[in-house]
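Participant: Here is what each chain is made of, one letter per residue.
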Amino acid sequence: MAKKIQGNAAAKADGGPFPYVQGDVSKTGIEELDLALNGGVPKGSCVLLAGGSGVGKTILAMQWLFNGFKKFNEPGIYITTTEPVFKAVNNMRNFSFFDQTLISPLQIHMTDLRSIMQDLNIDYTKGDMSWQDVENILSIIKNLVEGMGAKRLVVDSVTAICYRLKDENLIRMFIFRLGTMLSNLNCTTMLMSEVASADQMYSPFGIEEFISDGIFKLEYINRNGTYVRSIRVVKMRGTDFDGSPHYYRITKEGYSFFSRVELKEMKDVPDVRLPTSINGLDRMLGGGLFKSTTTLLTGSSGTGKSLFGLQFLRAGLEKGERGLLLGFEEGKAQIYKNAKHCPEVDFEAFEKKGVLRVVCRFPEYLSFEEHLQLVKNEVESFKPVRVIVDSLSSLEKIFPHESLLDYTRRINYFLKWNGCTSILINADEGIFETSAITQGHLSTIPDNIILLKYVEIESSMRRFITVLKMRGSDHDKTLREYVIEKAGIHVKDSFKGIQGVFSGNVHRNVEQEEILKAFKDLSRG
Amino acid sequence: MTELTISGFNFTELLRKRLPIYHKAGGGKITLLDTPQQYHLPVTLELLRVLTTEFDSSGVYMTTMKVYSELVPILDGQGVDVSKIYFVDVVSKMYGLEPERTPRCEFVSSPINIQSIKNAVSGYLDKLTSQRRFVVFDSLTTILLYNSLPRIVQFTTDIAEHLKAQHVDAILVMMTTAKGSTNDKLIAELKPILDDRIDIPD
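Protein chains in written order, with the numbering used here: chain C, 218 to 742; chain Y, 195 to 396.
Keep in mind that the hints were calculated from the coordinates and are not lab data. Even for Gly, the Cβ is constructed at its ideal location relative to N, Cα and C. One or more of the hints may lead you astray.
In the SDA-like style, the derived pairs of lysine to any residue whose C-alpha atoms are separated by at most 20 Å in a straight line are [unchecked claim]: (1) K373/Y with Q551/C; (2) K549/C with K452/C; (3) K260/Y with L319/C; (4) K304/C with E264/Y; (5) K569/C with Q590/C; (6) K359/C with K321/Y; (7) K373/Y with N360/C; (8) K244/C with N284/C; (9) K260/Y with K569/C; (10) K703/C with K569/C; (11) K321/Y with R345/Y; (12) K288/C with D241/C; (13) K260/Y with N307/C; (14) K288/C with Q232/Y; (15) K549/C with E565/C; (16) K287/C with D396/Y; (17) K359/C with G344/C; (18) K452/C with P421/C.
One side of the interface only, derived from the structure: several residues of chain C facing chain Y at Cβ under 10 Å [what the hints assert, rightly or not]: (19) F303; (20) N308; (21) T318; (22) P322; (23) H326; (24) D350; (25) V351; (26) L355; (27) G366; (28) I424.
The whole structure should be built from the sequences, with the hints applied where relevant.
Facilitator: Set out below in structure tokens:
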């Protein structure tokens, strides 16, 4: 019986003409980087690690090599062309991923290209290598990879080789041949590219990036005086990837990425309210703040914003709900003292009981990413129900406004996603102005906005509160006076017979008072 | 007396049986010692210990595995009589170290430089005065990583002939690699010159 073979089916059956296994990747073993790479570097790829001095190219490459052997049983080769092997090894001794016992010919093989060149009678001090020299070097590399069955190779750095080749065609051919040869051997390669100045994007010769399958750009960024390292996958053939920058620190463990606080789509907001227990405020809010919402509490200096926060936390703590206070303005001792004084609550005792966590940091001491990481770590480890961030405005002193917006947006989503009901405190610049909160689109981020302000009435400064926004709920829209008492805040009535409180242009509504009086007189008969 | 046993295989006992046979036969026996990577260090340490202490042999140890300055204290600590060994260190220079000159060690620039390895080994053979003499090549696997198969076959054959002529025993250490690898091919090519083979189980 004759077999009918259709073109497409036949092609699918044998997988096409190339021995390519989809999804076969060389994992870095660094979770965040593998996520950005959609699993890892496609096996057999040649990746350029481009960056200036001090960004941690060698550390990343070494971590990749050692993780490769320890976690995935993949032998690797480290070829140095710059510093001697013993120095490269010594520099790694303090990292936890490093294991000297793995440095051996068939596990992590370390070698110096200059020794090889010397023994091949190539004068490595001159920049006039011939194509034959290149072929000889490639032949040794091929022998090494094949002989030990290496799956990972690091050339540190390809720039040093390129300087000896000089001729653009030779550079192009060298990287092309190296990449093709190693790809055929299913060996993934990392080539270090030393980017010395800002005008060099990924390599000094501008050729390396075109021949490579992938590019990781590593940078040292100055963010308002705090320096942070970032890595960005610029190009990665054969896989989808996240091309946004990922920020990291180099710690004893090697690359330590700041976890991304992702903008995740919100879960359903539960129809449950958390009372603030602030006398009079819950009535204005229709019973309290909805669970898993964020409230921007904004107001002038001295209006009692922090006190609002403390009272909100106290209300939860007294019911056994966990509370987290992230303070960027005052130290812990000061917060304890303030809380003891008013609203008469012993925060220290609650913290000892384990239901409260007060975390204080000077904003200047952390980078933007570290601030995000702080929120993430504390929320994930402590799982609070109520959270206070005091204050956004102190962060604005060190972050550009765009970063503050980004920070607010990210923690807003993150806190809500984690079921926290949060108050983000913000200080307005002026005493009477009420326009500041709408500046810079901060007001569009939270679910609720509560405004605290001063108003001058009959030569005295009085405070008022109003709920400007409350998503998904009706609320009291009046401007109500409040006073700060020993036990805390007490929200009172609205300003009857007075107009212009919000605008600051206060005047008595005489006509309205007279009409009301006339009605009253009429009704009495 | 210490013994090295791996997966029920008593390596020390085997050496105690085989080495006297080589000697009785007049020396010059070429033995291939194939060991899995993970047992490489204890196996070579035990080999050198048995050779230098139990059999009163002296010889040359060519290493591509550890630098001389690090190796000597390790050997010493494991009971090897280092005074009976001359070293050919093929690692230090490749790692960028600048080792101090010593009469007991020759430093070769890299495993590519097999002529220098040959010269260094030959040079030390003349200094060996004991009745029982040995050369340990540790390892041919590493040297093969830097050289073509025909080149290493030629190198090993030449040196084996030289050692046989001088009645010096040679132990060619190799590390087990995947079947069909270049390492495997080398073992097949060396069969005609081998007198014995020891396989350490995985």
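Participant: So, for every hint listed, does it hold in this structure?
Facilitator: Results for each hint:
no. : hint               : verdict
1   : K373/Y with Q551/C : violated, 71 Å
2   : K549/C with K452/C : violated, 46 Å
3   : K260/Y with L319/C : holds, 12 Å
4   : K304/C with E264/Y : holds, 16 Å
5   : K569/C with Q590/C : violated, 24 Å
6   : K359/C with K321/Y : violated, 38 Å
7   : K373/Y with N360/C : holds, 16 Å
8   : K244/C with N284/C : holds, 9 Å
9   : K260/Y with K569/C : violated, 55 Å
10  : K703/C with K569/C : violated, 24 Å
11  : K321/Y with R345/Y : violated, 27 Å
12  : K288/C with D241/C : holds, 16 Å
13  : K260/Y with N307/C : holds, 15 Å
14  : K288/C with Q232/Y : holds, 16 Å
15  : K549/C with E565/C : holds, 9 Å
16  : K287/C with D396/Y : holds, 19 Å
17  : K359/C with G344/C : violated, 23 Å
18  : K452/C with P421/C : holds, 18 Å
19  : F303               : holds, 5 Å
20  : N308               : violated, 13 Å
21  : T318               : holds, 9 Å
22  : P322               : holds, 4 Å
23  : H326               : holds, 7 Å
24  : D350               : violated, 14 Å
25  : V351               : violated, 16 Å
26  : L355               : violated, 13 Å
27  : G366               : holds, 6 Å
28  : I424               : violated, 28 Å
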